[in-house]
Structure formats: C-alpha cells, structure tokens
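Whenever a hint applies, use it, and build me the whole structure from the sequences.
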Amino acid sequence: MMGKLGPIFLIAISAFMWGIIAIFVRKLASAGFTPMEIVTIRVVTAAFLLGIIGILKYPEQMKIQFRDSKYFIGTGIFSIVLFNWCYFTSINQLSLSFAVILLYTAPAFVVVLSYLFLKESMDFMKIISVIGTLMGCILIAGINLKETPSMNLIGILTGLGAGFGYALYTIFGKFALVKYRPYTVTFYTFLVASIGLLLFTDLFEKGSMLIRGEVILYGIGLGLFPTVLAYLFYTKGLEKMEGSKASIIATVEPVAATLLSVFLYKEDFGLLQFIGTAMILLSVILINMPKTFFKMNNKKRLQF
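Numbering of the sequence shown is given in this note's numbering, commencing with residue 32 and proceeding in unit increments.
Since the hints were derived computationally from the structure, they do not count as laboratory data.
C-beta: ideal position from N, C-alpha, C; glycine also.
Any given hint might turn out to be false.
[To be verified] Quick list of in silico lysine-lysine cross-link-like pairs, BS3-like style, CA-CA up to 25 angstroms:
#, residue 1, residue 2
1, 210, 101
2, 210, 35
3, 271, 101
4, 150, 58
5, 94, 271
6, 150, 101
7, 88, 210
8, 271, 35
9, 88, 271
[As the list claims (entries may be wrong)] Between beta-carbon pairs, the in silico distance windows are:
#, residue 1, residue 2, range
10, 299, 100, 41 to 49 angstroms
11, 123, 292, 32 to 40 angstroms
12, 91, 242, 31 to 39 angstroms
13, 148, 313, 22 to 30 angstroms
14, 248, 94, 27 to 35 angstroms
15, 146, 40, 21 to 29 angstroms
Structure (structure tokens):
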C-alpha cells in the first residue's frame, strides 16, 4: 500500500482514533449510561456496522470455519470483554491514573507473548522502547501515589488483567491473520464480543434512552471512529508488522488523548506531560529504526 511506512501509518491513525474516544464516552455517560453499558453500545454498534459493510462489500470474507472460532473468542471475549471488565473494575478500586498505568503494561505483555507464541525476537531496542512507553504513560497520567490510599490487590490484579486483555488482541489477531483478512478478524471479534456483553448487561432495559437523537448520534460515532475504523486500521497494519512493534506504536493513544484534553477540554498540560509525550514518541521512532542504522553507527564509532 505505502511501502514500509504503510503499516506504521495505519497503526498510528488507529491509536489516534482510540485517543479521541473520550468525546463519545463523556456524552453517553452524561446521558445516563454506565461504563459497561457504553462498552456494550460501542461493541454492538461496531458489529452492526461491520455486518452492513460485509454484506455490501465483503460477502466472501464473512465466511469462517467453525474450528477457527477459537481465534475470535480470543479477540472478542478474552481481549475486548475481559480488558474492559478488568479496566473498569480497576478504576473502581484504584485512582484513574494508576489504572491507566496498569493498562499500558500491554506492550510489555505483547513483547513477551510474541516471543513465546509468535517466535518474534526480543531484542534490546524492544525492551528499551517498552520501558520508554511505560515511563511516558506514567508521566502523562501524572501518577501520584498519595491519591491512591485505597490501592489493593484486586485493583492491581484487574489493572494488570486489563493490560493483559488489551495485549491479547494483538496475539490472537496475529494467529487469525494467518488465515483470514483484516475485515473478517475485526467483524468476528466484535460479533463475539457483542454476544458476550449482551449476556452480562441490561442495556436494552434502557430502550427509551437508546432511541434519543443525541444517543444515536454519539453511539454511531463511538462505534464507527474509535472502533470500526480504528480496529480495521490496526488489524490491517498488524498484518504486515510484528505484534510487539505494533503494540508499542499504539501507545501514541494516550498522547492523542492528552492533546484532545488540552485543545477541546482546556485541561492542563504540564512539563511532565510534555516529557511523557516526548518519551512515547521517541520510543515509537526507536522501535521503527532499521537495524542497519545502528550497525552503521557502530561501524563509524569503531573507525574513529
């Protein structure tokens, strides 16, 4: 599509769209929906939109073999549903900033799981990049341990569970992409996740709220931009890139969320947030530098 930069661009765009999710979530929360109900609206809307796209444009890609459903149970239940449930549980147990930090342990999980199951290398640059992105997220979130007096084991475990669940999309997605196209992987991920979430939430008891014009507008926006398009772009980029690298690039999401909060919601952006943003972007650049670049620099040093 765009050579070597294509997958990087697609994953960066997907992360940017994940970063603007607050626009839709805040509107739906103010309309009276709980966090898990908002997740359900997001996932069900995405499955519906992807179904329409499939019928109109990719009917041949809507077919899968039943034995391969394990991949989509992985991406849909163990990733989308587990990650959201763990994340919101963690938020209720800890401060929001600490829960965010635990969520962004995801790249570390991806690097380890990719090494174990996808046979990807675990080199020095990946480890440094993971540390850089995690430190950057800590600075952006503005973690303050004094704000977390209620920190407990359940909160920490569910926070790590959120990071682990977030990481599983990349791992299961990589396996599914061996056999299926990005559209197929994305559609069945959200179809399975929709079934799982509808079984555990009472969303349709709020039927009168769901048909309000503003709720429909923001529900479709939530399902389309930070969900359908974001996951399609991420999965397409993942098709041509190592899972560990893709996960690290996707950590530009909190950078996008921070910029949104500054320009749209007029929130503060201090020195620590600036340093955190720079660390994440530098980590993303570092992980995408060709290995020959470092070899050439090493040779030049040896010559001097």
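Structure-based check of all given hints:
1. 210 with 101: Holds: residue 210 and residue 101 sit about 13 angstroms apart, inside 25 angstroms.
2. 210 with 35: holds (22 angstroms)
3. 271 with 101: holds (22 angstroms)
4. 150 with 58: Violated - the C-alpha atoms of residue 58 and residue 150 are around 43 angstroms apart, more than 25 angstroms.
5. 94 with 271: Holds. Residue 94 to residue 271 sits at ~22 angstroms (cutoff 25 angstroms).
6. 150 with 101: holds (20 angstroms)
7. 88 with 210: holds (19 angstroms)
8. 271 with 35: holds (9 angstroms)
9. 88 with 271: holds (22 angstroms)
10. 299 with 100: 41 to 49 angstroms: Holds, at about 47 angstroms.
11. 123 with 292: 32 to 40 angstroms: violated (22 angstroms)
12. 91 with 242: 31 to 39 angstroms: holds (34 angstroms)
13. 148 with 313: 22 to 30 angstroms: holds (28 angstroms)
14. 248 with 94: 27 to 35 angstroms: holds (33 angstroms)
15. 146 with 40: 21 to 29 angstroms: Because 26 angstroms falls inside the window, the suggested range holds.
Hints 4 and 11 from the list above are not met by this structure, while the remaining hints are.
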